[in-house]
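Using the sequences and the hints, build the whole thing.
Given next are the chains, with one letter for each unit.
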Amino acid sequence: MAWKYPKYNNTDGEPIDAEAINVNFEAFIRETQGNLNEHNWASGAFTDAEDYEIGACLRIDHSYDEVTPMAAQTAAPANIAAIVSGTAYQTIAVYDWDVVDSTQIICDTALLWVIASFQHSVSNDFTRYGVQYGLRLDGVVIAETVTGSGGRNTDPNGEGLDGDGTNMPLVLDAILPVLSGPHTIELVARMCTSATIALPPTAAYWMVCNRELIVVEMH
Amino acid sequence: MPQDWNRINEGAALTAASLNTRFSATVGELNALEELTVAPYALHREHLPSTALATATATIGSATNHTYDSTSEPYPGYGLAASWKVINTNGSLGTGTALLATFSTAVDLADTARFGGILVLANVHFILMEDANAAPTILGVYNGSCMFALQYQISGTWYTLARTERYASAASTLAGTGQLAVFKDIPIRTYLVYADVQGKGNEQVQAIRMVVSLNKPAALAGPIRARLRQGNLTAIALRAGTL
Numbered sequence: 001m002a003w004k005y006p007k008y009n010n011t012d013g014e015p016i017d018a019e020a021i022n023v024n025f026e027a028f029i030r031e032t033q034g035n036l037n038e039h040n041w042a043s044g045a046f047t048d049a050e051d052y053e054i055g056a057c058l059r060i061d062h063s064y065d066e067v068t069p070m071a072a073q074t075a076a077p078a079n080i081a082a083i084v085s086g087t088a089y090q091t092i093a094v095y096d097w098d099v100v101d102s103t104q105i106i107c108d109t110a111l112l113w114v115i116a117s118f119q120h121s122v123s124n125d126f127t128r129y130g131v132q133y134g135l136r137l138d139g140v141v142i143a144e145t146v147t148g149s150g151g152r153n154t155d156p157n158g159e160g161l162d163g164d165g166t167n168m169p170l171v172l173d174a175i176l177p178v179l180s181g182p183h184t185i186e187l188v189a190r191m192c193t194s195a196t197i198a199l200p201p202t203a204a205y206w207m208v209c210n211r212e213l214i215v216v217e218m219h
Numbered sequence: 001m002p003q004d005w006n007r008i009n010e011g012a013a014l015t016a017a018s019l020n021t022r023f024s025a026t027v028g029e030l031n032a033l034e035e036l037t038v039a040p041y042a043l044h045r046e047h048l049p050s051t052a053l054a055t056a057t058a059t060i061g062s063a064t065n066h067t068y069d070s071t072s073e074p075y076p077g078y079g080l081a082a083s084w085k086v087i088n089t090n091g092s093l094g095t096g097t098a099l100l101a102t103f104s105t106a107v108d109l110a111d112t113a114r115f116g117g118i119l120v121l122a123n124v125h126f127i128l129m130e131d132a133n134a135a136p137t138i139l140g141v142y143n144g145s146c147m148f149a150l151q152y153q154i155s156g157t158w159y160t161l162a163r164t165e166r167y168a169s170a171a172s173t174l175a176g177t178g179q180l181a182v183f184k185d186i187p188i189r190t191y192l193v194y195a196d197v198q199g200k201g202n203e204q205v206q207a208i209r210m211v212v213s214l215n216k217p218a219a220l221a222g223p224i225r226a227r228l229r230q231g232n233l234t235a236i237a238l239r240a241g242t243l
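Chains A and B, in that order, give the protein sequences.
Be aware that the first sequence starts at 1, since it is given in my numbering, and climbs by one per residue.
Be aware that the second sequence starts at 1, since it is given in my numbering, and climbs by one per residue.
You may find that some hints are simply not true.
[Claimed, not checked] If you want the footprint, here are the derived chain B segments under chain A, 3+ residues with CB under 8 Å:
| no. | region |
| --- | --- |
| 1 | 25-31 |
| 2 | 49-61 |
| 3 | 141-153 |
[Stated by the list, open to error] Chain B side only, calculated, beta carbon under 10 Å to chain A, not exhaustive:
| no. | residue |
| --- | --- |
| 4 | R22 |
| 5 | L220 |
| 6 | N232 |
| 7 | R239 |
Derived from the structure by calculation, the hints contain no laboratory data.
By construction, the Cβ of each residue, glycine as well, lies at the ideal position given by its N, Cα and C atoms.
Set out below in structure tokens:
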């Protein structure tokens, strides 16, 4: 609570009483024993952001990969991987989730705002197989972030993004509560079936080009 | 840790030294207050400064499409700044309300003790791709791409942030339907930091904007056009450390 006026005043011409000094100081000391609160600071005492260490409230991890886009095509490229430069990611030709990008962090107990911003690019046979993207935290895919329906009974185009063959940018994000310690955050992708082809894919068909993974630790 | 008062006992000598010792302990406590000295839930929102040191926003609520074409806005090449057009309600004319957010005071990213970086969130609605005929035909896939990117401004000059370059193509034809419009949201997110803006004379970011260009296949005869619609852009200069 706010500081109180000292109980005893020493008066000129009178002997100083040790007990009066004790009482006056003990009141003050009690304030600093866990009783300081909002009344003890001046209004606006901490309104300057520089009163706080720069990472006191927010800490951010961000990483990115750059891929020069392919020249505009007039037909399906036979091998997309051959016509882009940089660290383009290509999906694997199985149904398993595969890592597009990942980051490892060590944080406090906090909320993490995970943002993945990336370029989804067309493959050499866009009419057959779909693709899904999602965010994964410590090995668990966050279902709410997965693109597409995930079920052929609810989507005539099959699971995930597929068949209209368009290039397009995507953003996935989620706010995730975590406990203190190390965590692995990943953008993952997987091939999936379409309405017309149910067989396992025989080649990788989708690319992820420019991409950025941002993790905001929020206190 | 919180201090205990060492009491002056009755009959004890009250000397300058005994008082000074106690005053010094008290001063030491005041100069090093710890977490335990503050009552639980004592500090409120009013005691915390905002971690958003500066914000800038822009919105295009256009009720009509704005168009851009490969003649006036050709894709200049990866990471280059020329010939991009800021997305605006008058399209290629460039005279409309722009998807351009200006900070009231430039954000000095070189002041790394104050700014962690600028978080940028941008979206625009991509309607369709078409040819440039008087009665345009909606284009299908493999007729070029509409390119998007974020640019930042320092000392009046715009620079393209290469890693934010994105592209979208027209949709493929669905059997029996004819060519369809695209109607896709184009989202871009990035975190602009000091390392991104070095070498420009200074590092004071004045504004952020979203730009567009058209990447036409060389083998395609006529120009191509893209139609866009609503968009929004938010830039937040954050006081944030490195995780």
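Q. Looking at the structure, which of the earlier hints fail to hold?
A. 6
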